[in-house]
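Asks: This is what each chain is made of:
There are 2 protein chains.
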Amino acid sequence: MLQDITKELAKAKNFAALTTLFPDGRPQTNVMWVDADDDHILVNTEVHRQKYKNVRRDPRVSVTVIDASNPYHYVEIRGRVVEEIRGEVARAHIDELSTKYTGRLYANPVVSERVILKVAAERELAH
Amino acid sequence: MLQDITKELAKAKNFAALTTLFPDGRPQTNVMWVDADDDHILVNTEVHRQKYKNVRRDPRVSVTVIDASNPYHYVEIRGRVVEEIRGEVARAHIDELSTKYTGRLYANPVVSERVILKVAAERELAH
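Those protein sequence lines, which keep their order, are chains A and B. In this text, residue positions in the first sequence follow the numbering used here: the first is 1, and each later residue adds one. In this text, residue positions in the second sequence follow the numbering used here: the first is 1, and each later residue adds one.
If you are wondering where the hints come from, they were derived from the structure by calculation, not from laboratory data. A few of these clues could be false.
[As the list claims (entries may be wrong)] Here are the computed lysine-lysine pairs in the DSSO-like style, where the Cα-Cα straight-line distance is at most 27 Å: (1) B:K11 - B:K118; (2) A:K13 - B:K13; (3) B:K51 - A:K7; (4) A:K118 - A:K100; (5) B:K13 - B:K51; (6) A:K13 - A:K118; (7) A:K53 - B:K51; (8) A:K118 - B:K51; (9) B:K51 - B:K7; (10) B:K100 - B:K51; (11) A:K7 - A:K100; (12) B:K118 - B:K51.
[Unchecked claim] Derived coverage of chain B by chain A (criterion: at least 3 residues anywhere in the stretch with Cβ under 8 Å from a Cβ of chain A; other residues may be distant): (13) 23–35; (14) 64–77.
[Said to hold, decoys possible] For each label pair, taking beta carbons as the anchor points, the in silico distance ranges come out as: (15) A:I5 - B:V111: 21 to 31 Å; (16) B:E88 - A:D95: 49 to 59 Å; (17) A:M1 - B:Q3: 36 to 46 Å; (18) A:R57 - B:E88: 38 to 48 Å; (19) B:A68 - A:T102: 11 to 21 Å.
As the structure is a computational prediction, the values presented were derived from the model and not from experiment. Glycine is no exception: its CB is placed at the ideal position from the N, C-alpha and C atoms.
Hey, can you work out the whole structure from these sequences and the hints?
Replies: What follows is the structure, given as structure tokens:
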């Protein structure tokens with residue numbers, strides 16, 4: 001189970017910095033929409049993206065969810081991608097995320113295929 | 001020379017996600033105050049912090065500076081810590097940063113010693 005503060009921040013209209021690791025170990029960080037279920041942080045990307053290639057090879061990530069109303073309030077989740085979901089479920093999820101953040105269904109073209117990355121937390125640090 | 005957009009975002013009152021690497025390669029991410037000179041991203045921490053220990057061992061970092069007025073606008077800097085500055089210069093710099101972000105001199109106790117980390121960019125990706 002994720003901590004309540006993690007779920008609360010990730011389900012609200014806040015942005016997350018997702019860090020993945022290149023083959024040589026260097027970090028890559030992107031600002032992302034974010035979501036959570038009871039046990040995982042959820043991010044939604046496409047399978048042609050570097051971040052997806054990175055987590056397929058090394059599932060270790062950090063996800064830092066920043067309170068949009070107060071950047072001194074954030075939670076850092078250190079963990080790993082333990083599951084991915086593609087197909088209609090992932091396509092529907094990006095519409096859900098888009099609706100949360102923009103009020104509209106996702107209108108950008110899907111270049112390759114949407115994929116949900118489910119991140120299990122090893123550490124959750126609230127600041 | 002850093003790109004103009006990087007300097008502009010880092011010198012304004014924006015926050016950065018700094019990612020460093022633990023000994024086993026896992027990423028750690030903190031939300032930080034940030035600054036820049038013409039050639040480096042500057043962050044200011046203390047020498048007892050995990051992030052400082054991490055960069056002493058492995059200088060590779062990512063610094064993602066997010067426009068406080070528009071989180072879809074950010075720049076990711078991938079690079080490495082190439083220099084550190086301690087002493088009075090670092091103590092004065094945290095006062096400068098505090099004044100930028102809070103309008104007041106830095107009032108928190110300094111637990112160990114302030115240190116400026118100078119990050120040279122290998123890639124700068126504006127989103």
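Asks: To test your reading of the hints: which numbers does this structure violate?
Replies: The structure conflicts with no hint, since it agrees with every one listed earlier.
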